[in-house]
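Chemist: Each chain, letter by letter, is given below.
Protein chains: 2
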Amino acid sequence: MGVTHPRGFSAHGLTAGLKPSGKPDLALVLNHGPHKAAAGVFTSNRVCAAPVQWSRQVLVDGALQAVILNSGGANACTGPEGFADTHATAEQVATALQTAGHDVGPIDVGVCSTGLIGVRLPMDKISVAIPDLVRGLSTDGGALAAEAIMTTDTVAKQSVAIRDGWSVGGMAKGAAMLAPGLATMLVVLTTDAVADSSRLHDQLAAATEVSFDRVDSDGCMSTNDTVLLLSSGASGISPAPSDLVSAITEVCLDLALQLVADAEGSSHTITIDVVNAASTADAIEVGKSIARNNLFKCAVFGNDPNWGRVLSAVGTTAAVFEPDELDVSFNGVQICRAGGIGEPRELVDLHDRQVSVVVDLHAGDRRATIWTTDLTYDYVRENAEYST
Amino acid sequence: MGVTHPRGFSAHGLTAGLKPSGKPDLALVLNHGPHKAAAGVFTSNRVCAAPVQWSRQVLVDGALQAVILNSGGANACTGPEGFADTHATAEQVATALQTAGHDVGPIDVGVCSTGLIGVRLPMDKISVAIPDLVRGLSTDGGALAAEAIMTTDTVAKQSVAIRDGWSVGGMAKGAAMLAPGLATMLVVLTTDAVADSSRLHDQLAAATEVSFDRVDSDGCMSTNDTVLLLSSGASGISPAPSDLVSAITEVCLDLALQLVADAEGSSHTITIDVVNAASTADAIEVGKSIARNNLFKCAVFGNDPNWGRVLSAVGTTAAVFEPDELDVSFNGVQICRAGGIGEPRELVDLHDRQVSVVVDLHAGDRRATIWTTDLTYDYVRENAEYST
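Residue numbers (this note's numbering), protein chains in the order written: chain A, 4 to 391; chain B, 4 to 391.
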């Protein structure tokens, strides 16, 4: 399952002691080849963590052989010392892999961290755990790795897209700060397809653009968002580029929806379809304006189909539309028609977790879907009581 | 007090029955002259209510003699019928004032509404109440008017700036959807200064820009935000333009801070000072990015000085700064220095309602202050349980 479903990959996860809870907190994914082409997309937050800076840098040559991920600390805003910690982690992983007979250098090791910003990682614990992590690597270790990267996630997130003789696998962690600017959260994808390394970044970017980039749980962009894709080529099969993009997108979309379904404290998953927009960019802008409107999100928590709050959000955008042409439906009931009162709001039942909001701009033929969640007591509680 | 402190104004407020609670919900402010110069700034939300469209239109000639305001219904997204309701209200006010001996036409009557979006106003109740409203007008009726425009406000909001022989008065209602794009909420300002009508709009805009425009309670921009300024000239004194701007600004700032202090469900008033910015626009952008960050707002509710969430918000902006030069202080304790760990966070006590956050961008000599509130259980409750 997950990252170890495609051939040529092993993984492991264990407890290094970074989390006070004693839950697993360190994961490793190894690409056994024969190829090592890789790509990554990262947060566009200008305040980005040391591991993001490191991984971006080592990906310049388009290759990675291993990724180490820790929960229990973001290693963000930790200065030059934090960057040195990330560098040391990669060095130690390379040394441990070399000891185990793998030809891996530190610049072939990506690093991802998640947890509290502004705190140094306990490097002594990580150093002690790395040899164990390497010893535990297994071709069915994907589930253990997926578990070890959880923070406030309540379930581990894995996905696989199976094609004829090859596949794409993935794992993700999410929970809060879910408003990716370019990529999102921590995600590792693997494939045994033979990939054209010169195209791999564009293929990954195309997939994340319509999946993770369309999720906006709480409007907050993380300092650590990372999506890495490793290809082993172990299947020996070279799919058409569009087929590879399609499989990567399938896994990204499945993981993105798993992230929304498990977003911190949420009680509704809200699918916002903006249709008949003049451009895709307009549709995205309108969708995100609604997804980020706290009053709308509170209303959904209260099972209130408050379309006035939808319109007041749409009205803040620069999208092409006429206010008196806007239609809004909640769960199939068009309660706002031509910018005014439509069907009775009593016809809308919002008690299920899944809520569908459709906004018709009547301005063209483009569309986009944005996924978000409601704003609940539990969201406030989780983010007021715990430092994450 | 309030709008009736300056000479030449009377006001009244009463219960017309628009609110199920039976609390006062209809207010009238009358300018007795001799002058009737007026100015207004309105929401920049493209979905704007019928009364905003009406008031913007009748202000084209730079004059107003009366303003009628109702709570209990926003008259937004109500189509042509809603606009006709606003028009009828102005006609009825003019007729009632004429009956009482005042020479006022409907285009001299501004209209403001606040309450639930997407519901028609009960015009029968308003029509019945208007003659009583006119009969009740009094030169000390400012407090009754301020009370009648409250929605989820817990206290009425009035302010006065007294100068040598003239003054500026004002009243406001706020509570939620506090993120003005140009103006904010419902605010009526009065002055007995002799004002230059050609300058009045610019003077009002200058005042709102550094007061209401710097408030961002929940990132949600209303469809009904309106600030109206009426000048009677009854003092016979013509202050220097800069003195008039200063007095208007004083009242706007006082009302803006009263709005933040009473924002829905808030338990902290947060003053965000962004200093040493390359431009005022940069300082405002950075301040608002923090004010709109739900994770930061939850942390303050939990008395957690989570500077990592401040930096992650700052990092989403296009402002000029280097991430490794950012300093952040909470209540005077610099817990983030040079983009990394500063003083121990345990030194910060956030139990008082007033919280000060200072962000130093080290990029210039400009600054701005943004006021916001925390994100609490009560905010979610008020906006999930009640349609407003």
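Since the hints were derived computationally from the structure, they do not count as laboratory data.
The model shown is predicted, which means the values in this text are computed figures rather than measured ones.
Don't be surprised by glycine CBs; every beta carbon is placed ideally from N, CA and C.
Watch out, some of these pointers could steer you wrong.
Ranges of calculated distance between the beta carbons of each label pair, as one might list FRET restraints [what the hints assert, rightly or not]: (1) A:Met4 <-> B:Val158: 52 to 60 Å; (2) B:Ser270 <-> A:Gln101: 53 to 61 Å; (3) B:Ser141 <-> A:Thr283: 43 to 51 Å; (4) A:Asp355 <-> B:Gly65: 51 to 59 Å; (5) B:Leu119 <-> A:Ala281: 24 to 32 Å; (6) B:Ala243 <-> A:Pro83: 52 to 60 Å; (7) B:Ser270 <-> A:Ile240: 41 to 49 Å; (8) A:Leu350 <-> B:Ala87: 25 to 33 Å; (9) A:Met4 <-> B:Thr283: 20 to 28 Å; (10) A:Pro83 <-> B:Asp167: 57 to 65 Å.
Chemist: Among all the numbered hints in the text so far, which are the ones the structure does not match?
Modeler: The structure conflicts with hints 3, 7 and 9, although it agrees with all the remaining ones.
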